[in-house]
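2 protein chains.
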Amino acid sequence: MRTLYHLPLDPPCRAIRILLGEKRLPFALKTENVWEGRESFLQLNPAGAVPVLVDEDGTSIPGARVIAEYLDEVYPEPPLIGGTPADRAETRRLVDWFDGKFQREVSAGLIEEKVTRRLRQQGEPNAAAIRNALAGIHYHLDYIAWLCDRRRWLAGDDFSLADVTAAAHISAVDYLGDVPWGDHLGAKDWYARVKSRPSLRPILADRIHGATPAAHYADPDF
Amino acid sequence: MRTLYHLPLDPPCRAIRILLGEKRLPFALKTENVWEGRESFLQLNPAGAVPVLVDEDGTSIPGARVIAEYLDEVYPEPPLIGGTPADRAETRRLVDWFDGKFQREVSAGLIEEKVTRRLRQQGEPNAAAIRNALAGIHYHLDYIAWLCDRRRWLAGDDFSLADVTAAAHISAVDYLGDVPWGDHLGAKDWYARVKSRPSLRPILADRIHGATPAAHYADPDF
Numbered sequence: 001m002r003t004l005y006h007l008p009l010d011p012p013c014r015a016i017r018i019l020l021g022e023k024r025l026p027f028a029l030k031t032e033n034v035w036e037g038r039e040s041f042l043q044l045n046p047a048g049a050v051p052v053l054v055d056e057d058g059t060s061i062p063g064a065r066v067i068a069e070y071l072d073e074v075y076p077e078p079p080l081i082g083g084t085p086a087d088r089a090e091t092r093r094l095v096d097w098f099d100g101k102f103q104r105e106v107s108a109g110l111i112e113e114k115v116t117r118r119l120r121q122q123g124e125p126n127a128a129a130i131r132n133a134l135a136g137i138h139y140h141l142d143y144i145a146w147l148c149d150r151r152r153w154l155a156g157d158d159f160s161l162a163d164v165t166a167a168a169h170i171s172a173v174d175y176l177g178d179v180p181w182g183d184h185l186g187a188k189d190w191y192a193r194v195k196s197r198p199s200l201r202p203i204l205a206d207r208i209h210g211a212t213p214a215a216h217y218a219d220p221d222f
Numbered sequence: 223m224r225t226l227y228h229l230p231l232d233p234p235c236r237a238i239r240i241l242l243g244e245k246r247l248p249f250a251l252k253t254e255n256v257w258e259g260r261e262s263f264l265q266l267n268p269a270g271a272v273p274v275l276v277d278e279d280g281t282s283i284p285g286a287r288v289i290a291e292y293l294d295e296v297y298p299e300p301p302l303i304g305g306t307p308a309d310r311a312e313t314r315r316l317v318d319w320f321d322g323k324f325q326r327e328v329s330a331g332l333i334e335e336k337v338t339r340r341l342r343q344q345g346e347p348n349a350a351a352i353r354n355a356l357a358g359i360h361y362h363l364d365y366i367a368w369l370c371d372r373r374r375w376l377a378g379d380d381f382s383l384a385d386v387t388a389a390a391h392i393s394a395v396d397y398l399g400d401v402p403w404g405d406h407l408g409a410k411d412w413y414a415r416v417k418s419r420p421s422l423r424p425i426l427a428d429r430i431h432g433a434t435p436a437a438h439y440a441d442p443d444f
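If you read the sequences in order, they're chains A and B.
The opening residue of the first sequence carries number 1 in the numbering used here; numbering runs sequentially from there.
The opening residue of the second sequence carries number 223 in the numbering used here; numbering runs sequentially from there.
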């Protein structure tokens with residue numbers, strides 16, 4: 001059985017769950033508390049991080065971007081990194097935007113401070129980091145709206161890995177109730193369209209121990 | 223003319239210079255002081271970071287991993303992300319290792335603290351960050367040797383983007399004289415083979431204003 005080692009609120013892990021859903025590939029989900037440094041997990045990924053996908057033939061693939069490229073090569077339908085080389089570059093640019101810039105400026109400050117730190121028993125959250133992340137998210141929601149004014153989906157006219165990656169981050173922050181939707185109707189329209197896809201259902205059903213989701217988290221009319 | 227916007231000691235920028243050299247693609251090099259936030263550069267890459275490649279047809283591609291995938295698609299000879307999907311995943315895993323883990327644990331602590339901070343006039347280097355990076359590099363050099371005990375090059379029997387990315391990081395740290403070669407003969411053997419490639423010559427000719435390279439920096443017999 002294809003297996004994904006993950007953490008439920010980790011955005012890159014969420015991206016691979018959505019991606020596997022888009023490609024209709026069945027898989028088992030195993031939660032890996034990476035901070036425990038489990039020996040047999042380090043054999044799958046010496047970097048000790050999730051996500052790691054073990055495919056049906058036993059091939060072990062670590063890292064969200066690596067897994068996404070692998071899945072799009074081995075299971076090309078529907079393509080999530082498609083089109084011309086320039087189109088594909090635009091999709092990958094936005095994947096880097098969300099897994100790099102959004103991760104540093106928003107996700108890290110909210111998810112790591114509010115959730116991961118408690119799971120790892122690393123003490124009190126850093127209030128300044130949380131404040132910076134809450135301030136930083138506006139710019140990114142504006143950017144989503146700006147892109148969707150010009151294109152049907154974030155990287156072009158087709159739903160792509162850019163939407164998957166952005167939705168993975170936004171959904172994790174939205175679980176915590178930290179997306180100011182009222183100020184960002186353009187981004188909200190995009191996320192409503194993403195949320196209605198069957199691939200999002202398992203993500204929206206997540207309930208993390210000790211962290212209750214925002215009331216509207218799973219609601220398609222939020 | 224194909225143009226690469228870069229910073230000379232930035233490892234991802236060095237990786238693209240080496241990659242363009244491997245593919246024998248001519249290009250002009252422009253230094254971009256990203257901290258100045260130049261408007262026309264932000265139009266090329268709204269994330270405001272280097273490297274950015276502007277190809278001959280005007281296509282603008284930001285980010286080392288995005289550029290590398292684009293170049294390997296548009297100019298496939300010689301392939302730098304080649305082989306089966308599993309081989310390609312192994313190459314990309316090691317690219318992530320060096321641009322992610324090595325960057326955080328080694329390059330950031332040395333290059334940002336010793337060079338970038340001064341260029342940006344951000345005050346004195348953080349001595350603890352430098353110490354941690356100098357301690358952290360041993361593990362990575364051991365890992366290079368471990369891989370080369372099992373394979374001809376880092377990701378397999380062919381020179382690949384994994385070697386390019388690792389060499390980009392190692393060469394930048396070696397410029398500063400911070401690679402403890404005497405303790406790591408396996409990694410040294412790999413780097414000597416990389417250093418002898420014509421694609422490395424422009425990198426080894428770099429001289430950064432205000433930072434003299436280590437005496438052995440450009441020497442093939444270091």
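Wrong hints could be hidden among the right ones.
Unchecked claim - Straight-line distance between alpha carbons at most 30 angstroms, and here's what the computed DSBU-like set of lysine-lysine pairs gives:
#	chain 1	residue 1	chain 2	residue 2
1	A	Lys188	A	Lys114
2	A	Lys188	A	Lys23
3	B	Lys323	A	Lys101
4	B	Lys336	B	Lys410
5	B	Lys323	B	Lys245
6	B	Lys252	A	Lys101
7	B	Lys410	B	Lys323
8	A	Lys30	B	Lys323
9	A	Lys30	A	Lys101
10	A	Lys101	A	Lys188
11	B	Lys410	A	Lys101
12	A	Lys114	A	Lys30
13	A	Lys101	A	Lys114
14	B	Lys323	B	Lys252
15	B	Lys245	A	Lys114
Claimed, not checked - Derived coverage of chain B by chain A (criterion: at least 3 residues anywhere in the stretch with Cβ under 8 angstroms from a Cβ of chain A; other residues may be distant):
#	segment
16	279-288
17	302-310
18	314-328
If you are wondering where the hints come from, they were derived from the structure by calculation, not from laboratory data.
Each residue gets a CB set at the ideal place from its N, CA and C atoms; glycine is no exception.
Enumerate the violated hints, using their earlier numbering and listing them in ascending order. 11 and 15
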